[in-house]
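Undergrad: Residue-level listing of the chains:
There are 2 protein chains.
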Amino acid sequence: MKMRFGTCFIMMMILTATVSAQSKKFVHNKTDLRIQSQGSFLVGGTTLTTAGTFDVDNALKPEGQTFHGDHAYVFYQVPRKAKKLPLVFLHGAGQSKKTWESTPDGRDGFQNIFLGKGYGVYLLDQPRRGEAGKSTVEASVKPVTDEQFWFTQFRIGNYPDYFPNVQFPKDAYSLEQFYRQMTPNTGNFDAKVVSSAVSQVFDNIGDGILITHSQGCGPGWLTAIQNTQVKAVVAYEPYSGFVFPSGEVPAPIQSNGLFGALSGVEIPLADFKKLTTRPIIIYYGDNIAKDPTNVWNKDHWRSGLEMAKLWVAAINKHGGDAQVVHLPAIGIYGNTHFLMSDLNNVAVANLLAGWLKEKGLDK
Amino acid sequence: MKMRFGTCFIMMMILTATVSAQSKKFVHNKTDLRIQSQGSFLVGGTTLTTAGTFDVDNALKPEGQTFHGDHAYVFYQVPRKAKKLPLVFLHGAGQSKKTWESTPDGRDGFQNIFLGKGYGVYLLDQPRRGEAGKSTVEASVKPVTDEQFWFTQFRIGNYPDYFPNVQFPKDAYSLEQFYRQMTPNTGNFDAKVVSSAVSQVFDNIGDGILITHSQGCGPGWLTAIQNTQVKAVVAYEPYSGFVFPSGEVPAPIQSNGLFGALSGVEIPLADFKKLTTRPIIIYYGDNIAKDPTNVWNKDHWRSGLEMAKLWVAAINKHGGDAQVVHLPAIGIYGNTHFLMSDLNNVAVANLLAGWLKEKGLDK
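Heads up: the protein sequence lines correspond to chains A and B, in order.
Going left to right, the first sequence walks through residues 1 to 363 as UniProt numbering numbers them.
Going left to right, the second sequence walks through residues 1 to 363 as UniProt numbering numbers them.
Please keep in mind that the hints were generated in silico from the structure rather than gathered at the bench.
Quick caveat, the model's predicted, so the values are computed rather than measured.
Please note: incorrect hints may appear among the correct ones.
Remember, identical chains collapse to one label, so a pair may be satisfied in a single copy or spanning two.
What the hints assert, rightly or not - Here are the simulated SDA-like cross-link-like pairs (lysine to any residue), alpha carbons at most 25 Å apart as the crow flies:
(1) Lys-317 / Asn-350
(2) Lys-142 / Glu-63
(3) Lys-81 / Arg-34
(4) Lys-359 / Gly-118
(5) Lys-142 / Val-249
(6) Lys-170 / Gly-52
Next comes chain A alone, as it looks inside the complex:
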């Protein structure tokens, strides 16, 4: 009994739970959109079937029953007089389609901004995430206190310090919203499972432009390789998953980031060349080191940016049309890893809109 009490006491010391008292900061956006069509559907995936015959009188036995999983969830909106090519949005690690919706401080995200510009939008929850939670593989979901790590990894600052020029709101409500918008995997991340489902989104909707973030960028390249209906790829802060042709994978880039050295992924030349047939643009934000440093978050993204430059060079060497834009190099400062929801996200969106126009993708 004494030991049990002792254990309990230590547990209480280590982990405390507090009911949230969020200030009532919620305000309605002023959007004013004319939506011609909106809805949601599930797409792609796999079906597990247990052998045997279903017996309705023993309906809890698995024999003859199915499990559908590994699909993506899609919420779509198409405005009146929409442009020809819609935008398909794929989130990054630990995120859902929320990434593209209201910002942590309640402003319009890319969903509303690009609807306002006349684009149809398709927001995905990738397989094994969010409302596409049914996974064909098992997972354990645990609460882990790690949010100050993510604050730092995502370059809001070096916790508890915000970067002086950061484009992230500094009030407590916004940071809480940001932490709460993460949502766990319900099965391990598998780039091929994701790209298979995303490719089937394009099979369903036809031609469109794929917009990816972070971990979503890897499956994004694979989707473009699989499906010619992907007419352009826009990638915000890719890190891993850069594909190179056999024999052309660069040496790993050393990094003091917490994920260590960054390697490219080898694929057949024929697949790689499929990436050279469509325009591609990659954006990175601010507070990324120029040269190796011991500040691990800045050095993590340094390796990503350097790899992106090698990758763009490889695409263009093979006849493609790719570019990487490091925002501070064109005078846009303070962006975190979440450029699409930063305080200057309208400027970030306008930059993309300009590129789409330049490439004739805005008709």
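With chain A fixed as given, assemble chain B onto it according to the hints.
TA: Structure of chain B alone, referenced to chain A:
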């Protein structure tokens, strides 16, 4: 080696995985909505904190780090010239806000139907579900082949037979969409955690009407008890979670359903009386037994409907305004457990719209 091969062979016998070849049935809705405001936010929840101080140079150590969980996710849309009271939608077991969006066969769900009628809509993913996946308690997520059970439990029919009059589309694509729209718990269902978050939705948005489905109806009653900004409650097919005043809980209703006998939940009279201050309506669909039967799905819902009638009587005895509508009794046949997405869901919605008007809630 031989044994391993044998095991592998048996596994393949038992469970087979097939990549889905969904027919391309996706079509855009023709909605034509004027949306004045739309966005999303997280609300409610708890914060876990590990004692100690965060050290940015040891950022993977839990000391001083937080975990925000147990909030709800809300997606909202407000049409132009919206009615005064918006509708807040809470899904049932194994579901997300998808319940209220496009139907399995791609028609408008309650989201679009009620936007078209001029109501603001707030669609929730409850705590520990969908895009509100961060849970303060651990969970194991496993793929279980059980969909033919759900087909039967949700009264589409007695698998593989559809009920002859069923208002569910009989094509393979629609059934697959229905199976895929389920999404797992990332922490156990806890009615108080849910009602706490839902109540805070009303704290944020002000007065509104709460619309609940199935397992969501239990937390719905608790929310109404907690928050006077809930101006009416609409419950589709509640089963468990009926609350009664101390000393007035009826005897359990025996049932041949797979969940056994159904009991009421005892709460203080003072709390119960809070449910008598606002109009409440409950709807049930078709193919529910009138008298006890061995057909387990029909008998499961018989016990739910009988308990609802006892509950409504208790509310009205204490001065409240509650009613239960069994659709076949008013000439509407074939509805499953998912009345809001059945083939006749426009009629189901119009019925609700008529009640809202009757109660003066449609201004």
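Undergrad: It remains to establish, for every hint, whether it holds in the given structure.
TA: Status of each hint after checking the structure:
{"no.": "1", "hint": "Lys-317 / Asn-350", "verdict": "neither (29 Å within a copy, 61 Å between copies)"}
{"no.": "2", "hint": "Lys-142 / Glu-63", "verdict": "between (31 Å within a copy, 17 Å between copies)"}
{"no.": "3", "hint": "Lys-81 / Arg-34", "verdict": "both (9 Å within a copy, 14 Å between copies)"}
{"no.": "4", "hint": "Lys-359 / Gly-118", "verdict": "within (17 Å within a copy, 40 Å between copies)"}
{"no.": "5", "hint": "Lys-142 / Val-249", "verdict": "neither (36 Å within a copy, 37 Å between copies)"}
{"no.": "6", "hint": "Lys-170 / Gly-52", "verdict": "between (58 Å within a copy, 23 Å between copies)"}
The structure fails hints 1, 5 (numbered hints given earlier, in ascending order).
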